[in-house]
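*Asks:* The residues making up each chain are set out below.
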Amino acid sequence: MSSQLDDQRIIEFDVRTDEMLVNMGPQHPSTHGVLRLVLRTDGEIISQVEPQIGYLHRCAEKIGENLTPRQWIPYTDRMDYLAGMNMNLGWALTVEKLMEHELSDKAKHLRVLIAELGRIASHLVGMGAYGLDLGTFSPFLYAFREREKILDLFEDVCGARLTYSYLTPGGATADLPPGWLERCQEFLDQFEPVIQEYHALLTTNAIFIKRTAGIGVMSAEMAIDYGCTGPVLRGSGVNHDLRFHGEEIYTEMYDGYIFDVVCEKDGSYPVDETYPPVPEDAVLGDCWHRFYVRMLEVVQSIKLVRQAMERYSSASGDWGIPIKLSQRLPAGEAYLETEAPRGQMGFYLVSDGTAIPWRVRARSSCFCNLSVTAPLCQGCLLADVPAIVGSLDVVMGEIDR
Amino acid sequence: MAELINIRLGLEGSAFGSIAAAVIHALLLLHVVAVGALVFIWMERKIAGRIQDRLGPTRVGGKFGWLQTLADGLKLITKEDITPQNADKMLFKIAPYVSFAASYAAFLALPFADGWVANNVNSAVFFVLAVLGLEVFGVILAGYSSGSKWSLFGAIREAAQVVSYEVPLGLCVVVPVFLAGTMNLVTIGNMQAGYFTNWFVFHDIFTFGTFWIFFTCATASVNRAPFDLAEAESELVAGFHTEYSGLRWSFFFMAEYGSMFLVSGLGAILFFGGWHGPIPLMSILGLPESGVLGNYLANLAGCVNFMLKAVVGVTVMMWVRWTLPRLRIDQVITTCLKYCVPLASVCFIGAVGWQVLDLPSPSDWHLGTGPAYKVHEEWATHTNNSAASGADDRGPETTEQYQRESDQLLPPEPDDADKPLTGSSGSPRSLTATPLGQELSP
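In the order they appear, the protein sequences are chains A and B.
Residues 1 to 401 in our numbering are what the first sequence spells out, letter by letter.
Residues 1001 to 1442 in our numbering are what the second sequence spells out, letter by letter.
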């Protein structure tokens, strides 16, 4: 402390402002779980941000090396717990890739249907929680109101509302219950106009635009350099979506579906009369664009779900009988990335020919997305930190695993 | 009231009456603040519930959960009162009371109806704003003494914000003060008697604009969303009250809701006719407004009127809070300095110009009984008289009293036509200021 100084005059004339170290988290309302950000601030201005992770580490990968692939499915639920269905899908496809398992058309359409509903549910949380980060509470509840309806649909399908363990290697644990498609149709018809409410409350709100436009601008090069994926990458104007550009075992699921990759191509977004216009202040790659991409992806997902429902009901084959619980895996390795709501979720699997994988590894999309926090937050104001971290929409369960 | 008590008890001239009156007033106002906070917190939760597609409290106290706040209050009282280890103990403990006291003291000069005011201060507008501005002290003390960096952030933000917003708020308040020619809230309210065309908000286009700037700045100065940066929960955990718990924490909330009611009430009096309804129902129906009972009933109706207007203001603040995101600190200050201050200045100059150029205004229509500016004249003469005759400088309490006092004090109509303010014969719109005491000699 300065009181140890002998010459008191030094203290007296030393009036420069000190930098302050502040811990934002791990217990903090806007860190999306247990993220800890060590902020070095000069008053309100942030000079350095250091994200510290690991508070939700549960040794998921190590557990995966002691369980059979089907037994590990519940653990994938708990990675990105807001999009459990998409996590299930990523792991199931990886195992199928290793086993060279062929799925029926019906099972593929079922997977598209479920995965895109999961994407809507996940983006709804991302959108609502982003509003919360910016200090408005109501959109969060509006988002959850609709998310609850999706969760109701999922509950009818698999009995769980958060940790589904529904899509498994080989297909799914059960077929859709009778009457489910009608309920889903009803939900979509009701949900589609509600999106305009979100646009009114957030996307086109003047204060929202003021808080997000031009904040945390990330160039396309930077996004690629840091390995950002998903809406964070597309928010910077990079046309990259694994549903189009991924491996065949994944893209063949989406064969024949009509939808767009949402990102700014040639200076404009795909045209739709329901999309609000881009405000003048917004710069490509800022928080507003990342949010906007998520909002538009919801619209695309609705389109996909509608198509999937149609094709599922007319498709032949079974809904995909799961592999045996202790199915022996062929020796070898497989790696597959899928387009999860938050980015490219990769699973790596090495098998020595037994039923239990020799090595399991998960490539987290949020981990890469979070890594841009430090450069983006440099020199911004304290209130921009939740705005930037929220726009990356990270889930700590997936980062720490 | 003090004299009344003294006369009833046969203690003329003693201090007992004043003390008893002060205690009664204080207790009444305490109930306004405390019960008001209870009701407003419940109201806010119900409104938030409605806005967010949920029910809000439904269980405690019967059908609408109207006792929920009381139950929460009891819970807060029974909670442990924690003082952090590295807090400045004394400041930490008194900070909530400083906040509450400031909000509470400002009610002293707020009239609830014609003459229903604890202390009829002649500079009531000034008093209310000044005392309300003290509330920020409690917040700064709380943030500084908590020993938490988040609290300190909140306190410094609040200090910067409140100091900035005092400027446009003061500019806005000056407009109705200027129209009325007085800072006495009772007089300002009474000048807007009659139909709603007499309300200052409809006086001209500039006063209309002034009201909206006033409301924005008032929202900012009582720390409500979208200006609630001092307790921005997504950034600063809970801002200045992060370290508080139990009853001390609830005192901050009582202060906040008290201030909300206060600024809404101030807006109602300054711009929306205070306790006067949009149409003078009493006189249309021919109900007596004089006499003890008539006066009381008129005041009761006025009080309800005033409360309704203030509650509408509070409701709008709640509505805004549950709709809009929060601004950033630099945007809050920019909004103040770049938009509110210039706009308020323009409105002020415009309103002055309107008045000086004698442009038409709805109050010229003279709907109902008597033009609003009659009161103005009487007030001016009254002050001149009382200053000249050495009477106390408190404002008269009721219109009747004006009439009475001016009848007594007014000399016969002066022949001099240069002094328009002394009688109704002068131009009713003239605002020529007459120096105190120069007008009349006793």
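The set of hints was computed from the structure by calculation and includes no laboratory data.
These numbers were taken from a predicted model, which means no experiment stands behind them.
Each hint should be verified, as a subset may be incorrect.
[Unchecked claim] Calculated pairs, PhoX-like style, for lysine-lysine (alpha carbon to alpha carbon, straight line, at most 25 Å):
| id | chain 1 | residue 1 | chain 2 | residue 2 |
| --- | --- | --- | --- | --- |
| 1 | B | Lys1079 | B | Lys1089 |
| 2 | A | Lys303 | A | Lys265 |
| 3 | B | Lys1046 | A | Lys149 |
| 4 | B | Lys1075 | B | Lys1093 |
| 5 | A | Lys210 | B | Lys1338 |
| 6 | A | Lys324 | A | Lys62 |
[Said to hold, decoys possible] These stretches of chain B come out as covered by chain A in the derived footprint (C-beta under 8 Å, 3 or more residues):
| id | region |
| --- | --- |
| 7 | 1022-1035 |
| 8 | 1089-1099 |
| 9 | 1329-1336 |
[Claimed, not checked] Listed next, with one range per pair, are the computed distances between beta-carbon atoms:
| id | chain 1 | residue 1 | chain 2 | residue 2 | range |
| --- | --- | --- | --- | --- | --- |
| 10 | A | Ala200 | B | Val1312 | 22 to 28 Å |
| 11 | B | Asn1086 | A | Asp42 | 21 to 27 Å |
| 12 | A | Glu247 | B | Pro1342 | 25 to 31 Å |
Beta carbons: idealized from backbone N, C-alpha and C, even for Gly.
*Asks:* Taking the hints in turn, state whether each one holds.
*Replies:* Comparing the hints with the structure gives:
Proximity of Lys1079(B) to Lys1089(B) is assessed by CA-CA distance (about 18 Å); at most 25 Å being required, the pair is judged to hold. For the hint linking Lys303(A) to Lys265(A), the alpha-carbon distance of about 20 Å falls within 25 Å, and the restraint holds. With a C-alpha separation of about 24 Å, the suggested pair Lys1046(B) and Lys149(A) falls inside the 25 Å cut-off, and the hint holds. This hinted pair checks out: Lys1075(B) and Lys1093(B) have alpha carbons roughly 19 Å apart, not beyond 25 Å.
Using a Cα cut-off of 25 Å, the hinted pair Lys210(A) and Lys1338(B) holds, with the two alpha carbons roughly 15 Å apart. Our distance criterion of 25 Å between C-alpha atoms is met by Lys324(A) and Lys62(A), whose separation comes to about 22 Å. Counting residues of the region 1022-1035 of chain B whose CB lies closer than 8 Å to any CB of chain A gives 0, so the stated coverage by that chain is violated, three being the minimum. For the region 1089-1099 of chain B, the assignment as covered by chain A is violated, since 0 residues bring a beta-carbon within under 8 Å of that chain's beta-carbons and 3 are needed.
Figure legend: the region 1329-1336 of chain B, annotated as covered by chain A; annotation consistent (3 residues with Cβ-Cβ distances under 8 Å, at least 3 required). Between Ala200(A) and Val1312(B) the C-beta distance comes to about 24 Å, which sits within the given range of 22 to 28 Å. Between Asn1086(B) and Asp42(A) the CB atoms are about 22 Å apart, so this pair conforms to the stated range of 21 to 27 Å. Against the hinted window of 25 to 31 Å, the Cβ-Cβ separation of Glu247(A) and Pro1342(B) comes to about 60 Å, which falls outside the hint.
This entry does not satisfy hints 7, 8 and 12, going by the numbered hints stated previously.
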